[in-house]
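Taking this note's numbering, the leading residue of the sequence shown gets 1, the next gets one more, and so forth.
If you're looking for bench data, these hints aren't it; they were derived computationally from the structure.
It cannot be assumed that every hint is accurate.
Stated by the list, open to error - Lysine to any residue pairs mimicking SDA-like chemistry, simulated, CA-CA at most 20 Å apart: (1) Lys-53 - Asp-124; (2) Lys-4 - Gln-79; (3) Lys-53 - Gln-79.
Remember, it's a predicted structure, so these values are computed and weren't measured experimentally.
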Amino acid sequence: MREKRHRQAALLRLVRERAVANQRQLVRTLRQLGFAATQASVSRDLRELGLVKVDGVYRPLPRLGSGRAVPASADPLSQLITAVEPVGANLIVVRTRVGAASTVAVELDRRQCPEIAGTIAGDDTIFVAVRSRSAQGRAVALLQRVATAG
Numbered sequence: 001m002r003e004k005r006h007r008q009a010a011l012l013r014l015v016r017e018r019a020v021a022n023q024r025q026l027v028r029t030l031r032q033l034g035f036a037a038t039q040a041s042v043s044r045d046l047r048e049l050g051l052v053k054v055d056g057v058y059r060p061l062p063r064l065g066s067g068r069a070v071p072a073s074a075d076p077l078s079q080l081i082t083a084v085e086p087v088g089a090n091l092i093v094v095r096t097r098v099g100a101a102s103t104v105a106v107e108l109d110r111r112q113c114p115e116i117a118g119t120i121a122g123d124d125t126i127f128v129a130v131r132s133r134s135a136q137g138r139a140v141a142l143l144q145r146v147a148t149a150g
């Protein structure tokens, strides 16, 4: 466990100090620093540390899963959501910056919004399943407020 904490601290320093475009660069640099790193371990570390790829490089964002309600004006998701579109009666398509869909979907799931049944994320697109047409309207309004709060 100690190794993991040190590796994650080194990973955070790396992305703060230089532009890193891919996990292969991170694995190579961490190995040069003496850490046992694989693509899988780096991928988990990125997720656990809340690092996301924005504009082609990994960047730290404010902690998303603090468990507290976040005022829309300070919501870190506003930096990641680019569009929200209702589709049919029980689906919302959310567009994000490239590479950020998984981070946004995890945060939406953590917030346990009663209107949202679940999410499926790709690279820059999320399908949000809602419980009803009226739930869809409330969820779209919420997501649009969050998206424009930046």
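Now the hints, each set against the structure:
With a C-alpha separation of about 11 Å, the suggested pair Lys-53 and Asp-124 falls inside the 20 Å cut-off, and the hint holds. About 29 Å separates the Cα atoms of Lys-4 and Gln-79, which puts this hinted pair outside 20 Å; it is violated. Proximity of Lys-53 to Gln-79 is assessed by CA-CA distance (about 12 Å); at most 20 Å being required, the pair is judged to hold.
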